[in-house]
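Peer 1: Spelled out, the chains give:
Number of protein chains: 2
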Amino acid sequence: MAERFEIVEKALLHMLEEKKYATLRDILATMNPSDVAGVFSNLEEKQIPLMFRLLPKEQAAETFVEMEPDAQELLIRGFSDNELKEVLDELYVDDAADIVEEMPANVVKRILKAADPEMRKSINQILRYPDYSAGSIMTTEYVSLRPNMTVEEAILRIRRQGVDKETIYTCYVTGKDRKLIGLVTVKDLLLAEDDETKIEDIMLTNVISVTTQDDQEEVARMFGKYNFLALPVVDKENRMVGIVTFDDAMDVIEDETTEDMEIMAAMTPSEKSYLKSTPFDLFKHRIPWLMLLMVSATFTGMIITSFESALSLLPVLTAFIPMLMDTGGNCGSQSSVTVIRSLSLNELKFNDVFRVMWKEVRTAVLCGITLAVLCFVKILLVDRLLMGNTSINLMVNGVVCLTLAVTVVIAKFVGCSLPLLAKKLGFDPAVMASPFITTIVDALSLLVYFSFAKTLLGI
Amino acid sequence: MAERFEIVEKALLHMLEEKKYATLRDILATMNPSDVAGVFSNLEEKQIPLMFRLLPKEQAAETFVEMEPDAQELLIRGFSDNELKEVLDELYVDDAADIVEEMPANVVKRILKAADPEMRKSINQILRYPDYSAGSIMTTEYVSLRPNMTVEEAILRIRRQGVDKETIYTCYVTGKDRKLIGLVTVKDLLLAEDDETKIEDIMLTNVISVTTQDDQEEVARMFGKYNFLALPVVDKENRMVGIVTFDDAMDVIEDETTEDMEIMAAMTPSEKSYLKSTPFDLFKHRIPWLMLLMVSATFTGMIITSFESALSLLPVLTAFIPMLMDTGGNCGSQSSVTVIRSLSLNELKFNDVFRVMWKEVRTAVLCGITLAVLCFVKILLVDRLLMGNTSINLMVNGVVCLTLAVTVVIAKFVGCSLPLLAKKLGFDPAVMASPFITTIVDALSLLVYFSFAKTLLGI
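So the sequence lines, in the order shown, correspond to chains D and F.
Okay, so the first sequence: first residue is 1 according to this note's numbering, each after it adds one.
Okay, so the second sequence: first residue is 1 according to this note's numbering, each after it adds one.
Isolated chain D, as found in the complex (with noise of 0.2 Å):
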C-alpha cells in the first residue's frame, strides 16, 4: 500500500516539474486531502504555493488542516486577505484554533483578522481552556434540537444547518439555557416509525459527558471503551459548550502513547516528527535524563569501590556484575511497563496496589528460581568446565545465583510498585519506566551481591 502511493508521490512530482498543470490538477482533485498534504511535505518551499492554488476549494482547505505547521506558516504568509478568508471559512473551529496555536503572533493577528466573527469569537473561547483539557480540543460546531422538536422538524434542521457542522450524526438536546438533557443519533431519526414523534420521547437522556476541564486523555479513552463518534463537552453548570470527535479523540491516543513511548526510554517529549527534528532538537530531549542518570549512577560506582578489597581478593566476582545488572534491570522494566500501561488504559488504580505488589512478588519468585536454577547450570557447563575457570567454585556459583535471585525479586517489587506511586503522587507513571528502576535496581543488586559474597565466602 504504502510503496503504492510513492510511485503515485514520484508522478505527482514530475507533472509539477514539467508544468503539466492541468493533469495535476485534475489527479489532485481526485485525492484524499490527507494523501495530498503528504505529498506536499516533500516539496521544496517555493513549490508549496503553486501546487496548493491547483487545488479546488474545499479540498484546498481540508489539505491546509493536514499539512505540517511550518508549511502552513508559509501558506499563509503568502495568501493575499482574500485567500486566507476562503480557506479559513472552510476550516471547521477547532482545526483553526489548532493552527493558530502553532502559529507565531504576526501570524496569529492575520488569521484572527480575517476570521469572521463568530469564528473568532471560538478560537478564542477554545484557546484559554488549558493545554491538554478537553475544552482545548473540542469544536463548538456541532447540532442543537430542542426536547419539543418533531422528528421532522429535526432533520430539517440538520439539512439547513449541517454543512458547518463537524459531525450531524450525533444531535445534542438543549433545554433552557443550553443545558444538555439528552442525545439523538441520525440513526434514531431515520429509523423513528413515524416523523411526529417528539424528540424528548425518543431521546437518550443518560447521557455521558465530559467537562471542559477533564483530561483530554481520559477523555480520548472514553472513545475507546464506549464506541461513541462524538462526547458532548459541558461546562460546570452542565451547559453544552461543544463536542470532541472520535477522530481527535484518535489523534490524541497516538500523541498521549508516543509521549508515553518516549518517557519511558527517558526522553522528553517532542512534538515533532523524527524525519522533522534536527540533531539538535533530538540532543535537547535526550540530554537531561541521559545526565541525571550517568550522574546518579555514581552511587554504583561507589558501591563497587567500597567492595575494591574484596573485589582483587576474588577477581572473578566482577564478570558476573554485567549479567546480575542487566537481568535485574529487565525484570524491573517488564514490571513497569506492564503496570505502566495498565494505568494509563484505566485497567489499574492506585487501590489495587496490594494486589499486584502480591501478584508481581509470586511471579518474581517463579522467574527468580528458573533463573538461578537455569544460571547455575550455565556456570558450571560453561564458565567452569567448558571455560576452565577454576576459580569460580560452588560457594561462589551459589552466591552468583542467590544473588540474582533476589534481585530478580526486588526489581520486580521495585518496577511495580514506583509506577503506582507516581501516579498516586500526581506524577506521570510512565517516568518511573526501565532507565529510572534500573538506576535503583543496579545500586541494590550491587549491595545484595557484595553483602551475599562477604558473608557466605567471608572476603
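Hints were generated in silico from the structure; no laboratory data involved.
Please read these numbers as outputs of a predicted model, since none were measured by experiment.
A portion of the hints provided could be inaccurate.
Covered stretches of chain D, going by a simulated chain F footprint (3 or more residues, C-beta under 8 Å) [what the hints assert, rightly or not]:
hint, region
1, 159-166
2, 212-226
3, 287-295
4, 302-310
5, 344-358
6, 364-378
Note that the Cβ used here is the ideal one computed from N, Cα and C, for glycine as well.
The hints should help you fit chain F onto chain D, whose structure is shown.
Peer 2: Showing chain F alone in chain D's frame:
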C-alpha cells in the same frame, strides 16, 4: 470520574446482595453497556446469570459483547436454547465472530446451531480469514446502494435496512458482481438539494479500500490518517465483502500498542488483562526473554574475565563499569524506541535508513561530548576531590570519558539501525528495543573500555 463510578458499582453490588431486584433493574437500564459489563467483572460466578437476566433484551446483548470471555462462556453454558438465540439475534456479525473465536469447541457448536443461517454463514466466512487480517475484524453488515437509485430511494432503503447494520452513515455503492464503485455518506444524502438526484451523481468514486488480507494494524492506522468512520473491505477482484468500523480500529490500535510495549520490555505479548493474569501466566510471558538475555550476558562476563589481570592492576576501573553500561543502554534505547515508534506510525520507512543513521550519529556526537565533559568534571570534583580517591588520575578519568563518548555513539548507531534492519527482514522492530540493544551495547562498551585502558594506561 473513575471514583464516581466505583461508588455506583458498590451500590449495585449491595442491592444484588439485598435482593432489591426491581431497583437494580431500573438503574441498570439507564447505564451504558460498557459500564454494566464493568460491574459484571466484579461479580461472583453464581451472581452473573442472575444479574444478566435483569437486563432489557437489547442492553443484555450489548453488555454481553463487552464482557470478559470467561463470563461470556459461563452465561452461554447456562442459557436455554431460546435465550441464546435471543442474544445472538441482537449481535452484529463481527462481534459474534469475536466471541466464537474465544470459546471452546462445544460452546462454538451450540452458538452456530442457535444462529440463524445467514449469520452462521457470515461468522464462518470471517473466521476463515487469517488472524490479524482486515477480513478477521470486518463485519458483513453494511448498507449497499445502487448507482441508479435516487436520494429518496436510498434514504428509504436505509430506513428499511438500517436497524441491523453496524453503521448506516457511510453507504457503499456497488455495481455488477458486487464491485465497489463509490460511496455516499448519510450527510451527503440529507444535504442533497434534490431528492431525485441520482446516487451516481453525488457519490465519491475514488474510494479508499482495503483487501481482506491486509494487516489489521495498517488498516487501523488508516483511520487515524483519514478520519473515516468505516473502511470498505474488498476481495482481489474489488468485490465488496464487508466493512471495518472505527471502533474496531481503535481496539486494534490499543491492542497493538500494548503488544509493542510488551515486546519492547522483553515480554511475549499476552491477551489477558493484567489483573486477570495469574502469576504463572505472567511468568510464562516473561521468562523466555529473561533466560535468553541472561545467557547472552555470558559474553560480557567473558570480556571482563579476559581483562581480569588489567582490572586487578587498576581496580578503580571496575567502579565505572555500571555507569558506562547504563549510559550506553539508555542512549541505545532512546534511539531504538524513537525509531520503533516512528516505524509503527508509518512515519519512517526502511529507505530512510541512511537519513536516520546520519541524524542519530550527529545527535550521538552532541550527546557524547556533553556527557563526556560532564563526566570528566564530575569525576574530578566528586570522586577525586570530594571522596579523595587518589587512584583516579587524569589519565584514568580521560579513559573513562573517552569510552563514554564512544559508547554513546555506538549505542545510538546500534539503537537506530537494528529496528530498521528487523523491519527490512520482516521481523517485528519492537524486538530490537532496550533489553536486546542493552545486551549488545554492554559487550561493545566493555571492549572499547578495556582497549582504551590497555592502550592509554599501558596495563
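Peer 1: Taking the earlier hints as the rules, which of them does this structure contradict?
Peer 2: none
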